[in-house]
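Letter by letter, the chains look like this.
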Amino acid sequence: MAMNFKQTEPGHYVLDVKGYVCPHPQLYTKKVMEKLHSGDRLELVFDNPSSAESISAMCASEGNPILGQRKEGTVFIFEIQKG
Amino acid sequence: MDAIVSGTLTEPKAADCCSDSKSLAETVSRKNRMWIFGIVAFFTLISVGTYAMHEYYIYLSAYLWFGFIYGMCLQYGRFCFASAFRDLFAVGVPRMVVGIMIATVLFSFTSSFVASTGWSTFHAAPWSIHAVIAGIIFGVGMVFAGGCASGSLYKAGEGNGVSLLVILSISVTQSTFVDLGGWFNKLVPQSWAESALTKSLPSSINVSDGWVDQYLAGYVWDQPVITFARLLGLKDETLIGSFFGNTFIGVVLPALALLVVVYFIWSRKRYVLDLKSREGRSAGIADHLRGFWTMITASKRTAIAGLFLGIACGLQMFVIEGLRMKFGVKNAGTILQRIGFDYGISAKGTVFDPGYWYVTTQEAQWVGWLAQKLGWNNMDNIYFGWVNGIPSPAINPADWMSVALIGGAAVMALLNNEFKWKKPTKELAIWALIGGALMGIGSRLALGCNVGAFFVRTANGDVSGWSFGLGMIGGAYIGVKFFNWYTERKMAKEMANINFDL
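Residue numbers (this note's numbering), protein chains in the order written: chain X, -13 to 69; chain R, 2 to 503.
Worth flagging that the hints you see were computed from the coordinates, not collected in a lab.
Mixed in with the good hints, there may be bad ones.
[Claimed, not checked] Some residues of chain R that are not near chain X, with every Cβ distance over 12 Å (derived):
| # | residue |
| --- | --- |
| 1 | Gly152 |
| 2 | Phe178 |
| 3 | Pro203 |
| 4 | Gly376 |
[To be verified] Which residues of chain R face chain X? A partial, calculated answer using Cβ under 8 Å:
| # | residue |
| --- | --- |
| 5 | Arg79 |
| 6 | Ser84 |
| 7 | Arg87 |
| 8 | Val94 |
| 9 | Arg96 |
| 10 | Ile297 |
| 11 | Ser300 |
| 12 | Glu419 |
| 13 | Thr488 |
| 14 | Met496 |
| 15 | Ile499 |
| 16 | Phe501 |
[As the list claims (entries may be wrong)] Facing chain R, from chain X, some residues (calculated, C-beta under 7 Å):
| # | residue |
| --- | --- |
| 17 | Gln(-7) |
| 18 | His(-2) |
| 19 | Leu13 |
| 20 | Glu20 |
| 21 | Lys21 |
| 22 | Ser24 |
| 23 | Gly25 |
This structure is a prediction, so every number in the text was calculated from the model and none was measured.
The beta carbon of each residue, even a glycine, is placed where N, CA and C say it ideally should be.
Next comes chain X alone, as it looks inside the complex (with noise of 0.2 Å):
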C-alpha cells in the first residue's frame, strides 16, 4: 500500500500510511506538518504501534497539539493540529 496524502476540505488534510513501518510514518508526518499553516488540521491514519509513541512525543515537542486520537482495530487515527 502507497502512502497517500489529500487536502479533504481547505484546511484540513489526510495522510494515510498504512502498511508503512518506522521511520516513514513518523519522517512523513513531520514533512507533512512543515508544510501546514497554524491551525490547518491533519487527520493521520497509520497502523504501525511503535510509531504511536514517537509521533506523539513529536507533536508535543513541537508544539502541535494533537486533538483526538483513536484506534480502530489495529488502525491509530490521531486528528492532530499544526500550532
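Go by the hints and put chain R onto chain X.
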C-alpha cells in the same frame, strides 16, 4: 480511507496512545485470548516436556523464558534500539534514548552485582577502531531496515512481514559473509594473514582461506581488551571494580552526560517555551532540573520496559552461570553432547552460548545449519567451525531465546490488540533486505549487534561497547540524512497538486 474516519475522537492521554482503564477481559478479544493461551501453553509444554526427558533441558528453557520476558518488555515499551538516535535525528524525539539509558544503567547495576559474586558470564571484547566502523555500517542498516536486530524480532511478533524479511536478510548475510573466501582473500592485508597463521588453529579451520577468519585471527584477536575497571587499575570481579569502575565511571556518568546533551539540544527549547507561556518567566537551574526529569519520565511505557529489561538481563547471567555450575559445564556444547546431540558442535566442543541476551549469532547459525544440510561446507571457518558451531535450531539455546522473544512480543501485542499480519510492500521489502544486509555485515565485524556489541558490553563496562555505540549514532545520522532526502522527494510528488494556501 475516508470511510475509516468515523466515530468520536478521544482526548489524548499524554504519550500513552489510546490507553484505557478497562480490564483485560473487556479489552482483549476472545480470539486474541485464545492465541495468548496457545502461545504460553506451547512454550510451557516445551519446557515441561523436555524437562521430563532430561533435566539438562532446563538450561535451554532458561534461555527460552528470558527470551519471552525480553519480547514482552520490548513490545510493551516499543523498545527499539534503532529508533533511539534515528527518531532523535529525524523527528527530535528523545524517548528511546532515555529508555535505553535507563535499561543500560539498571543492567549495569545487576551485572556488577553478578560480577562481584564471580558468577558473571560476560567476556569483554577486543577494542579498536573496528568497533566504530562496524557501528557505522550497522547504524545505517538499522535506519534503512526500519528496526535493529532486536527490534525486528519483537516487531515480527506483532505480525510485521517487513521485520521477518529483515531477520532473513541479517541471517543470510551473516552466514554468507563469515565464509567468504576465494577472491575475497586478496582483500586481506598481509599483516593479518601472517598474524592469523600464528594462532595455532586446527587444520580443519583453514585460517588462510576466508576474509572474516583472517580479520578475526589476524586483527581483532590482537587488539587489547579494555574495561573501565581495568583502566582504573581495578579488577572487574571485585565490588569496587565492578560498581565503581564499570558501572559508575563506565555507564552512569557517560549515560548522564549523554542525556544532559540530549536535553539541552532537543528538549530544553520546548520546556522553556511552555514555562514562559504558562508562568511568564524564564527558566532557572531548578526549572531545568524539572525539565530534565520531565524528559526522563515523558514515556512511562518506555521507562518501565527499560527498568524490567535491565533487571532481567542481569538475572539471566546469574541464572545461566548457576546452571553451568549445577551441571559442571562451561558451555552448552557439553550439555548437548551429554543428551546425545553432537551435530554442528565446533572443533573445540562448543556451541554459541553467550549466557546473556544476544540476537545475531543464532540468526546466522540457523542459516548456517540449513546451508550445511544443503551441502555447503561452512564448518571450516572460525565463526562456525571453531567458536559457535551450527547445532540444529531445535536444540540451540540461543534460538530458543529468539523464538520465545517473538512469542513474548506476540503475546503482548495480542494483549494490546496490536497484532496484525502485515505483508511487506515492494518498497519496504527492498529497504528491509538492504538494511538487513548492512546490519549482518556490521554485526559480524563488531562481533555483535545493538544488543551484543552495544547494550551488553556497555552495561558491563566494556569500552568497545561505547565505541560501537558511537559508530551506531554516526550511522543513524547518515541513514536519517538519506531518508530525509528520500521522503522529501516522495512527498514533493504527492504535494505537487495541493495548494496549501487554500
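Enumerated hints in conflict with the structure, sorted upward: 1, 10, 18, 20, 22 and 23
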